[in-house]
Structure formats: structure tokens, C-alpha cells
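Number of protein chains: 4
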Amino acid sequence: MLIVLQKKNDQTLITHIQELLQRKYDADSHIIGQNKRVIAVPGDTMNIDVELLRSLEGVLSVDRVHRPYKLASRQQKDRTTIRLHDACTIGNREQCVVIAGPCSVESEGQLDETAAYVHEQGVNILRGGAFKPRTGPYAFNGLGEKGLQMLRKTADKYGMSVDTEAMSVEQMDLVEEYADIIQIGARNMQNYDLLRRAGKAAKPVLLKRGLSSTLEEWLLAAEYILHEGNPNVILCERGIRTFEQEVRFTLCLGSIPALRELTHLPIIVDPSHSAGKARWVDDCAKAAIAVGADGVIIETHPRPEEALSDGPQSLTEEQFADCQKQMRVIATAMGKKLV
Amino acid sequence: MLIVLQKKNDQTLITHIQELLQRKYDADSHIIGQNKRVIAVPGDTMNIDVELLRSLEGVLSVDRVHRPYKLASRQQKDRTTIRLHDACTIGNREQCVVIAGPCSVESEGQLDETAAYVHEQGVNILRGGAFKPRTGPYAFNGLGEKGLQMLRKTADKYGMSVDTEAMSVEQMDLVEEYADIIQIGARNMQNYDLLRRAGKAAKPVLLKRGLSSTLEEWLLAAEYILHEGNPNVILCERGIRTFEQEVRFTLCLGSIPALRELTHLPIIVDPSHSAGKARWVDDCAKAAIAVGADGVIIETHPRPEEALSDGPQSLTEEQFADCQKQMRVIATAMGKKLV
Amino acid sequence: MLIVLQKKNDQTLITHIQELLQRKYDADSHIIGQNKRVIAVPGDTMNIDVELLRSLEGVLSVDRVHRPYKLASRQQKDRTTIRLHDACTIGNREQCVVIAGPCSVESEGQLDETAAYVHEQGVNILRGGAFKPRTGPYAFNGLGEKGLQMLRKTADKYGMSVDTEAMSVEQMDLVEEYADIIQIGARNMQNYDLLRRAGKAAKPVLLKRGLSSTLEEWLLAAEYILHEGNPNVILCERGIRTFEQEVRFTLCLGSIPALRELTHLPIIVDPSHSAGKARWVDDCAKAAIAVGADGVIIETHPRPEEALSDGPQSLTEEQFADCQKQMRVIATAMGKKLV
Amino acid sequence: MLIVLQKKNDQTLITHIQELLQRKYDADSHIIGQNKRVIAVPGDTMNIDVELLRSLEGVLSVDRVHRPYKLASRQQKDRTTIRLHDACTIGNREQCVVIAGPCSVESEGQLDETAAYVHEQGVNILRGGAFKPRTGPYAFNGLGEKGLQMLRKTADKYGMSVDTEAMSVEQMDLVEEYADIIQIGARNMQNYDLLRRAGKAAKPVLLKRGLSSTLEEWLLAAEYILHEGNPNVILCERGIRTFEQEVRFTLCLGSIPALRELTHLPIIVDPSHSAGKARWVDDCAKAAIAVGADGVIIETHPRPEEALSDGPQSLTEEQFADCQKQMRVIATAMGKKLV
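Protein chains in written order, with the numbering used here: chain A, 2 to 340; chain F, 2 to 340; chain Y, 2 to 340; chain X, 2 to 340.
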């Protein structure tokens with residue numbers, strides 16, 4: 002860490018900062034240069050509060066040499082790949098993974114019907130919510146364990162993996178039991194107890210980006226999970242909140258190449274929640290693949306108008322088949338196999 | 002609810018929508034006008050998915066006559082007032098309440114020292130975190146129950162009330178036992194299990210606005226709490242995330258008069274987290290009082306540089322005394338008593 | 002236009018609104034339905050201030066049947082195509098157009114060198130700024146007319162078209178003389194005198210989206226140009242300002258399919274300004290093509306470090322060649338020819 | 002300027018950067034410290050492109066010792082005060098200035114009526130638009146010179162100063178002739194030709210903040226004006242564009258204390274455009290005064306419903322009188338006189 006001072010040779014401030022670093026963080030530091038304008042703090046400075054140093058009068062800037070996360074950092078390794086089953090690995094450079102299914106599990110019939118056609122289209126991972134976070138208290142909030150059982154049963158029937166959300170620590174045991182991928186939603190991205198519990202799970206975690214999270218906050222959330230011992234975190238960009246209201250959320254595809262430099266974790270994209278309208282999903286999905294995402298997660302429902310949640314953005318069977326076809330063309334152009 | 006169609010006399014669409022409303026929501030509806038362009042759905046339409054109707058081809062717009070929350074709505078009552086103790090009521094038009102204390106409870110000495118001077122300055126509610134949500138896993142995350150005990154003991158010594166945060170359902174029993182106000186942080190504003198549990202608590206809940214929450218989402222979060230039977234929710238504006246980075250968060254004071262029309266719940270403001278710098282807190286606090294807030298919540302620490310969290314925005318004793326003095330002048334000008 | 006009232010049979014409000022519409026806008030209106038809750042205003046309501054009606058007490062909502070622009074609207078026609086020369090048409094479904102060149106024209110040598118390699122890569126339109134809008138007054142602001150002359154001469158040498166920016170009405174005569182496409186920058190998107198002047202130009206106008214413009218504001222800016230008689234407007238998405246700071250601007254690719262439904266105008270994307278870093282430009286450019294844009298505009302410089310503006314985001318010759326190759330693969334997959 | 006490198010003793014990079022600085026900016030530099038990790042560039046570095054240096058591989062950070070503006074900087078002087086007439090000085094610590102009047106000048110009658118009542122309420126500066134920037138081409142765009150003449154005549158009748166907007170360089174001669182304060186609107190904040198022309202004017206300039214401008218961009222826009230020789234710039238915060246749509250723009254009051262540290266220029270606030278609704282203006286105006294603004298600018302109209310622009314946010318005579326009364330109470334509490 003390098004602390005740059007506004008004035009040269011400000012001995013009082015230098016002493017103050019060096020003592021503070023020693024006392025509060027047990028951190029050694031030394032002055033560099035004759036003008037005594039830069040204080041260097043060598044070693045691991047993860048626990049030092051950069052904002053505190055920045056707020057001291059007379060400090061011009063404070064620069065970390067390393068980002069405030071370690072395990073999620075690209076400096077750690079090049080790529081994390083997560084093998085789900087024989088046909089499907091997330092994060093390698095050869096496959097583009099599609100996760101598809103209904104927003105909510107509503108009934109065995111609805112789920113089976115959906116699983117049947119997404120599987121026929123080549124999808125290996127079935128999504129579906131058994132516990133649903135809903136903006137207001139008057140909406141359908143999922144079938145709970147019964148929904149999880151349906152997911153497992155249906156996925157097994159078609160030889161698929163299951164991706165489903167856990168909204169709280171209490172639900173985690175159940176979700177861990179039935180799911181192959183544990184999803185953490187955007188609104189829970191900074192639910193730290195939930196992150197810690199996910200870090201103890203034996204299953205990969207799909208961590209959605211918070212609606213207004215910076216990349217750093219997102220990677221720090223991933224760090225919570227990694228730090229507890231679970232190395233398998235999949236990041237999912239799902240659109241951020243901006244002034245633009247014509248689309249539901251602003252899909253931040255520019256962050257994908259930026260993330261690639263910061264982290265080794267796989268990155269997938271959710272075009273459904275960002276578009277908010279079924280007929281815009283295919284274009285956004287293609288863009289996600291072209292920007293280099295490791296996969297996409299897409300909502301589909303046999304009869305979107307009857308859906309108990311997210312109907313407007315759910316693709317029909319026909320739309321899904323068409324989307325899959327379009328995505329495959331782009332994936333192929335990118336030298337990847339759509340699985 | 003009124004559904005406006007793009008074309009006149011579009012009988013196929015009208016039939017489709019009326020059947021959908023009946024089948025899915027058991028809702029009666031009727032056409033109004035000769036041109037058959039508007040479908041009215043009378044009664045309580047809280048459970049109808051507006052977005053779904055909007056997404057149907059041929060629908061121009063859908064307007065709710067009522068907002069999607071009931072209990073939090075101003076139509077319910079004029080003002081909720083929450084009496085904490087003899088000297089201090091939140092939400093009446095006569096008092097402007099100050100909640101003050103350290104970001105985190107660090108030790109008995111630190112807490113007592115802080116409580117002593119804020120109490121001397123006329124403050125009746127002591128804040129302090131025992132469970133701390135931290136962006137990264139490597140930071141101090143609170144003393145837990147020991148912190149709660151210190152808060153209770155110290156507050157009792159000075160005859161103060163306690164405001165402290167519960168980050169998860171698990172912590173709620175403990176927090177409910179020790180606190181007079183249960184705080185729910187910005188990052189947990191849409192942690193629905195936590196909201197539901199808070200709705201069963203016997204203590205008032207201070208609900209911070211999420212970093213990127215609309216007023217409607219915020220009031221729907223309050224609705225979760227009210228819906229479980231807890232009528233005492235205090236809203237706390239703490240700044241939203243915008244492109245502006247010179248301040249930590251953009252304090253959205255214009256939302257206060259807007260909220261007054263939407264809800265009967267008391268509204269306080271947190272100038273500390275939005276300013277991010279101690280020396281800007283007083284100006285923002287005065288603005289909050291002048292815009293009509295029912296109170297403010299302010300972070301202070303005897304030695305901000307030693308603080309284990311939020312040091313840069315914590316006022317020293319001297320700064321706090323000065324801020325309190327300035328706030329009192331504005332409160333008086335507003336015809337309110339600063340308590 | 003449909004005006005929905007909060008209460009039924011509110012005769013005073015109805016009379017008030019109907020008189021206001023008559024007096025202020027000379028607009029007839031009639032009540033629809035027995036409950037007298039909806040007032041309809043038939044015909045062209047472009048000049049009626051929706052916000053004013055919305056602000057009246059007792060008005061629940063006001064819906065336009067049409068958007069507030071006419072000429073830019075998709076209802077006008079399906080697609081505008083702009084033929085630049087034999088090899089290159091913007092807005093048809095068969096070509097994906099690349100506009101490339103340096104941010105600023107710096108010298109004849111620099112420009113010729115750049116034109117040579119972009120032309121060799123198949124580019125038909127040369128970009129380059131002769132008048133440069135710069136955030137601060139101390140930066141290089143272009144060679145002026147000399148720059149325009151160099152652009153023309155160089156483009157003619159390689160048989161290319163010229164795209165260059167006019168920052169003000171005064172510069173417009175000159176720019177119109179030398180350019181084939183007149184560019185209006187993001188910061189000038191609501192410079193209405195400039196828009197009107199561009200509307201009188203005989204050349205196509207490339208209109209960049211303002212940093213914080215909604216799609217409606219953008220299309221209204223286009224409407225200014227169209228309204229003056231110039232039918233050839235090309236929209237250019239270049240990223241919006243959001244809280245995300247890791248990338249320079251947030252490229253809003255989701256707006257492309259949304260725009261397609263609203264307007265017949267061609268839409269291109271500027272990955273250079275949004276990425277802000279040369280090494281992220283190719284990924285963003287591919288995403289732009291995959292989402293369905295009619296083209297891209299890319300900054301390149303033989304020696305980015307020597308560039309007098311936008312060096313960090315300018316591709317080297319080698320990077321440009323590679324980007325072009327990658328874009329071509331995606332364009333081909335999309336069934337388009339990269340020209 | 003201090004350039005911090007990622008690695009120690011990276012001699013190739015050091016040489017490269019030092020040569021680049023020399024060649025491109027004629028800037029001397031030297032290494033500081035034994036580890037050779039920091040390069041210092043002494044003196045005025047205003048013309049050096051920080052982003053370019055940041056984009057070089059191996060560079061960790063680049064810090065300017067000074068912000069990229071000089072003349073607008075607080076380092077230049079403590080406070081700029083602008084004396085308009087005997088009763089009214091903007092920017093001193095004793096007065097809080099009110100600028101009031103209609104959005105647009107519509108007729109002599111409307112203007113005189115408004116001037117009469119705002120003057121009676123103690124206002125010394127009359128606002129009114131003769132040239133109106135309008136989002137779409139179909140709206141009223143002002144009376145032009147006739148409007149300016151009415152403004153001058155009416156203001157003279159009541160002994161008031163005139164504040165009115167110039168939208169383009171062409172209008173500047175006229176506006177300069179009739180106005181006492183030349184207003185530059187939010188959409189023109191980065192219209193650099195206009196800024197340069199305003200810098201040559203003999204009248205003070207009121208520079209509104211762009212909808213999505215950072216404080217730095219805003220001060221750089223002011224720098225353009227100052228740099229041409231006009232020392233009298235008044236900054237006007239008018240709300241920024243964020244995801245929050247309940248209010249028209251998000252008034253960023255927290256930026257006022259931040260600006261005070263950065264600049265010596267006076268700062269006023271526009272509560273009308275940010276609130277967007279007349280009934281919220283008074284609360285926002287009080288907050289602006291309490292946060293320490295040097296004044297406010299408020300829209301008022303004898304009959305808001307008849308207003309040709311900005312009716313919804315225009316105060317009636319009665320509302321204005323009440324707002325003025327409330328503002329006076331807060332100004333007095335702040336130790337200032339409302340003029």
C-alpha cells in the first residue's frame with residue numbers, strides 16, 4: 002500500500018500515520034524518497050481501512066497494490082472450471098452453458114413440460130424457484146420443499162442438473178440437499194450470513210450481482226463464500242439499476258471483459274431479468290455469448306400468461322427453441338459448444 | 002385497475018384479458034365506453050401482476066387506482082407516531098429525534114464514553130452495532146451478544162433507548178431482547194425472511210432504504226413488516242447509489258416530501274453514511290431537518306481514527322456537540338424540539 | 002390521449018380539465034363510461050403537456066396513445082436505410098458497417114497511416130475529429146478546417162466516406178462541406194440549435210446518445226433533425242453514465258431491441274467510448290453486432306500513446322485488425338456482411 | 002503528479018514513461034525511493050492525460066497533486082462574491098439570494114404580474130426564459146428578443162436584476178445586452194463554444210450542473226468561462242439523473258459541502274426543476290438553505306395551469322409567498338438575510 006501526502010516533508014503527519022498503522026493494524030511502514038511524500042506499507046494490507054487513511058487531512062491518495070479480495074482474484078489462478086456432469090462444464094473455454102426453466106416451480110405438470118422441451122433443445126441444467134423472493138408480501142412465494150422435490154425428480158428423469166435459489170440460511174440445508182447449483186439472488190448478494198453458509202456448502206454457488214453493486218463489492222461477496230472453503234462460485238450478471246427504464250435493468254456486458262482481468266471465476270449472464278420482456282431476450286442472450294460469457298440463464302414457461310411469477314419475460318417453448326438456435330450460431334462463431 | 006388498449010373495439014383482446022383476469026386472479030372486470038378501449042377491474046387488485054398485463058400485445062397501459070401496498074399507505078391513516086419513552090416520540094410533528102452513537106460497539110469504555118457525551122448533548126437514543134455487515138470477510142464484524150449487553154447496560158445507565166441492527170433471522174431473538182429499536186440495514190431491505198421476522202417482533206423497526214430501491218420497493222418492504230402485525234416501522238433515508246462519487250451516497254432529500262404523501266410512517270435521515278466524511282455531516286443533517294424529517298441518526302466516536310468501522314464519517318465529541326447545536330437551531334426554526 | 006381520474010363522477014374536475022384542454026390546446030375531449038372516470042382526447046395530442054395534466058389534483062394517470070415523436074417513430078415506416086456509396090449502406094439488414102479512424106485528426110501522416118490500414122481491413126468510412134469537445138479548456142481541441150481538409154483528401158485517396166463531428170452551428174457549414182456523415186456528440190444531443198441546423202443539412206447525421214438520456218429524449222432529439230427535413234439520422238449508442246466505474250460508460254445494449262420497436266432509424270454502437278480501455282473494445286464490439294446493431298464506430302491510432310486524445314481506448318493497427326477479424330465472424334453468424 | 006508502478010525496479014517501464022512524459026508533454030520527472038516504484042512529475046501537470054498513463058500496463062495508479070482545474074479551485078481564493086446591486090450580493094456569507102419568476106416569458110401582463118408579487122416578497126432578481134430549450138420540437142420555445150425586452154423593462158420598473166438563459170453563441174449578444182445574469186442550462190453545460198463565449202461576456206454567468214455531470218466536469222466547465230476572463234461564475238445544482246423517478250431529478254445537496262472545499266465560486270440551488278411538483282418545492286428550498294447554499298432559484302407563475310412551460314412545478318403567488326416565508330425562517334436560523 003502506498004500513501005501519498007499532499008505536502009513534502011510533513012513530519013507530524015508522517016509520524017501520525019506511521020503510529021496509527023502500527024497501533025491499529027500492527028503494520029510496519031517506511032518513507033520513500035527524499036521529499037518524504039510517500040509512505041509504503043509492505044505485505045498483506047487487506048485488513049487496513051483505506052477510507053480511513055484517505056480521510057486524514059493532508060493525505061492525497063492511498064493506493065492498494067492488491068485489490069481487497071484475495072481468493073477471488075485473478076492473481077490466484079487463471080480460471081476456475083466447474084464440472085457439473087459429463088456433458089457440462091462451466092468456465093472452460095470450450096462450452097457455453099445454458100441454464101433454463103421456469104421462474105417458479107408451480108406444479109409437477111408445468112415443470113415436467115418445461116424440462117422436456119428445454120432438454121430436447123440440448124439444455125443440461127434446469128432452473129426453477131421453490132423459494133421466491135417477491136417485492137411485496139401479497140405475491141406467490143413458492144412451493145418450498147415440495148418444489149425442491151419436484152425439481153430433483155424432474156431433473157433426474159431427464160438427466161439434468163438443478164439450479165435453484167436459497168433465500169436464507171434456514172433454507173440452505175434443504176436446497177443443498179436437492180440442488181446441484183445453489184443460487185443466491187441479487188437482493189441477497191450482501192446477506193453475509195447467507196454467503197458464509199453457502200461457503201460451507203458442498204455444491205457450487207451461482208451468485209447474482211446486486212442491483213447496485215460495484216464489481217469490487219460483488220467479488221468481495223464471492224470472497225465470503227470462497228473464504229469459508231467453497232471454491233466453486235459462478236458469477237451471474239443480471240443487469241444493474243440505472244436511470245434507463247425502457248428495459249427492466251441495464252445489462253452491463255462491458256463488465257464481462259473487466260471481470261475477466263479481476264477474477265478467475267466463471268461468469269454467466271441472465272438476459273431474462275434484464276430485458277424484462279420475452280421478445281428482447283434472444284438479442285441480449287446473443288450479445289452475452291458474443292461478449293464472452295461462460296453461459297446464460299433463461300426463463301421459459303409453457304404458458305407465460307399463466308406463470309405465477311415473471312410471466313412477461315418468460316419465453317414460450319417456441320421462443321425458447323428459436324433463442325437456443327440463435328445462441329448456438331453465435332456460440333459456434335465464438336468457437337464454443339452450446340450445452 | 003384500468004387497462005387501456007391500443008385499438009378500439011378489439012374484441013379478441015378484450016375477451017382474452019377478461020378471461021385471463023377471471024381464471025388467474027378470480028377478478029371480475031367490465032368494459033367502459035362505447036369504443037371499448039378501457040377495461041376496468043374494480044376492488045382490491047393487489048394480487049394482480051401489472052407487468053404481465055402490460056406485456057400483452059395490444060395493451061397500451063395499465064393503471065392501478067391504488068399503489069401495490071395497503072398498510073403502509075397514507076390512505077390508511079395520517080401519521081404513525083412511535084413513543085419510545087417520556088421524552089421522545091418519533092413521527093409527531095413536535096419533535097425531531099436524534100439517534101447517536103458509534104458505528105460499532107467496540108468496548109465498554111468506548112461505548113460509555115460516547116453515551117455520556119451524546120446524552121449530555123440531549124440525545125435519548127443510543128445507536129451501536131453488535132452485529133456488523135461488512136463488505137469483505139476480513140473486517141471486524143461486531144462483538145455479538147456481548148455488544149448487545151453493553152448497549153443495554155450503558156443505555157440504562159443514562160436512561161436512553163437502544164437502536165441496534167439485526168442482520169439475520171437468527172440474530173433477531175437476541176436483538177429483540179436487548180434493543181428498543183431493531184434496525185434493518187440497507188443491504189437487507191429486501192431480505193424477506195428477516196422482514197417477516199421483524200414483523201413479529203414487539204419492538205419498533207428502523208428500516209433503511211436499499212442502495213438502489215425505489216420508494217415503492219421500500220414501502221413494500223415496510224408492508225412485509227406491517228403485514229405480520231408490527232405497526233411500528235420507521236423509514237430511514239441513507240443515500241442512494243448514483244454516478245456521483247464525490248460523496249459516498251447521494252442523499253435523496255427530495256424523496257421526503259414525496260414519501261409524506263405516500264405513507265403515514267415516520268421518516269428519519271442518516272447523514273453519516275451518505276456524506277461519508279465527518280466534516281460534511283452537519284450540513285447534511287441540517288438539510289434533513291429543514292426538509293421535514295422526523296429525526297436523524299448520526300455516527301460519533303471518541304477517537305474516529307481508532308474506530309473499528311466507519312471512522313471517516315464518525316464525528317468526534319466536539320464535532321458532535323457542534324452538529325447538535327446547529328441542528329437545534331434549524332429544528333427550532335422548524336417549530337420542533339430536538340430530542 | 003386518455004386521462005384517468007382518481008374518483009368516479011368528479012364533475013368539477015372533469016369540467017376543469019375539459020375547459021383547460023379546450024382553452025389551452027384547442028383540444029376536444031369526451032368522457033367515456035358511466036362512471037365518468039376516463040376522459041379521452043382524440044387526434045394528435047403531441048402539443049399537450051402530459052406532465053401538466055398529471056400534476057392536477059385528482060388525476061390518476063395520463064396515457065398517450067402515441068409517443069411524443071412522430072417522424073422518428075416506427076409507426077412511420079419500417080426501416081430507414083442510408084446508402085453511403087456502392088459498397089456501404091447503413092440500416093439494411095444485410096450489412097454491418099464499420100466506421101473507424103483516430104479520435105482526432107492530428108497530422109496528415111497520422112491520418113493517412115490510419116486510413117491505409119483500416120481501409121485494408123475493409124473499412125469504408127473514416128472517422129476523425131477536426132473539432133474536439135474536451136472536458137477541460139487546457140486540452141488539444143482539434144485542427145479545425147485544416148483537419149477537415151485532411152480528412153477529405155485522405156478519404157478520397159482510399160475511396161472512403163468521412164464521418165466527423167460538428168460541435169456548433171458555426172462549424173456546421175464547414176463540416177457539411179467536407180463530411181459525408183455529420184456527427185453530433187453525446188454532450189450536444191440536446192443542443193437544439195445544432196439539431197435544427199443539422200436538420201437542414203444535406204448529409205446524414207450520426208446522433209450520439211446523451212450520457213443520461215432516455216430513449217424518448219434521444220428520439221425527440223432525432224425528431225428535431227427529421228422535422229427540419231433531413232430524413233437521414235443514424236442513432237449511436239455510446240454508453241450511459243451509471244454508478245459502475247470500472248468501465249468508462251455502461252454500454253446499454255439492451256436498448257437496441259427496445260429501440261427497434263420504437264423507431265425506423267439505423268442504430269450503431271460505439272464500443273470505444275464505453276469501454277474506455279483498448280483491450281475491452283473487441284468484446285464489446287462483438288456483443289454490439291450480436292445484439293443486432295447496424296454497425297460500430299471504433300477508434301484506432303497507429304501509436305495510441307502518442308494520441309492527442311482518447312489514447313487509452315484507441316486500438317493499435319494490430320489490435321484493430323484482430324478486432325475486425327473477430328467482428329467479421331460474428332457478423333457472418335448473424336447473416337450480415339461486415340463492410 | 003505521482004505515478005505508482007505495480008512492480009519494483011521495472012526499469013523498462015520507468016524509461017518508457019519518462020521518455021513519454023518528456024516527448025509528449027515536455028515534462029521532467031524523477032524516480033523516488035530505492036525500490037523505484039514511484040515516478041514524480043513536479044510542476045503544473047494540467048495538460049498531462051492521466052487516463053493515458055493509467056492505461057499503461059504495469060501502472061498501478063496515477064495521482065494528481067492538484068485537480069485538473071486551476072482558476073475554479075479553492076486553492077485560488079476563498080470566496081468569490083458577486084455584487085448585483087446595493088441590496089444583493091451572491092456568495093457572501095450574509096445573504097441568501099432568491100431568484101424568482103416564470104419559466105418562460107409569455108406576455109407583458111404575465112411577466113409584470115409575476116414580477117410585482119415576487120418583488121413584494123422581497124425578491125431582487127427576476128428570472129424568465131426568452132429562449133427555451135425544449136425536449137421536443139413541437140413545444141413553445143420562447144418569445145426571443147421580444148421576451149428579453151419585456152424582462153428588462155419589467156425588471157427596471159421594479160428595480161430588479163434579470164437572469165435569463167442563452168442557449169447558443171448566436172443568442173449571446175442579445176442576452177448579454179438585456180440580462181444581468183446570463184444563465185447556461187444543464188443541457189448546455191458542456192457546450193464548449195457557448196462556455197467560451199460566456200467567458201468573454203461582461204456579465205456574471207449562472208452555470209447549471211449537467212444532468213449527469215460529476216463535480217469535476219462541472220468545475221471544468223466553469224474553468225472554460227473563467228479561463229476566457231470572466232471571473233463571475235455562479236454554480237447552480239439542479240438535480241441529477243438517477244434511477245429514482247418519483248421526483249423529477251435527484252437534488253444532490255450533499256455535493257454543496259463537497260463543492261465548498263473544491264471551489265471559491267458561489268453555489269445556488271434550483272428546487273423547482275428537481276422536485277418537478279410545485280407542492281414539494283418549499284421543503285427542498287428550505288433544505289437547500291440549511292445545507293448552506295448561497296441562494297435558490299424558483300419558478301412561479303400567476304396561473305401555473307396556463308403556463309406554456311414547467312407549469313407542474315411553478316408556484317402560484319400564494320404558494321410563493323408561503324415558500325418565501327418558510328425560507329426566511331431557515332435563512333435567519335442560518336444567520337443570513339434572505340434577499
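Any given hint could be a false lead.
[What the hints assert, rightly or not] Partial chain A-side listing against chain F, Cβ under 8 Å, derived:
(1) ILE33
(2) GLU52
(3) GLU224
(4) LYS278
Calculated directly from the structure, the hints in this document are not laboratory data.
Owing to the predicted nature of the structure, the values given are computational and were not obtained by experimental measurement.
Positions of the beta carbon are idealized from the N, C-alpha and C atoms, including for glycine.
Which numbered hints does this structure break? Going through the list in order, the structure violates hint 1 alone and respects the others.
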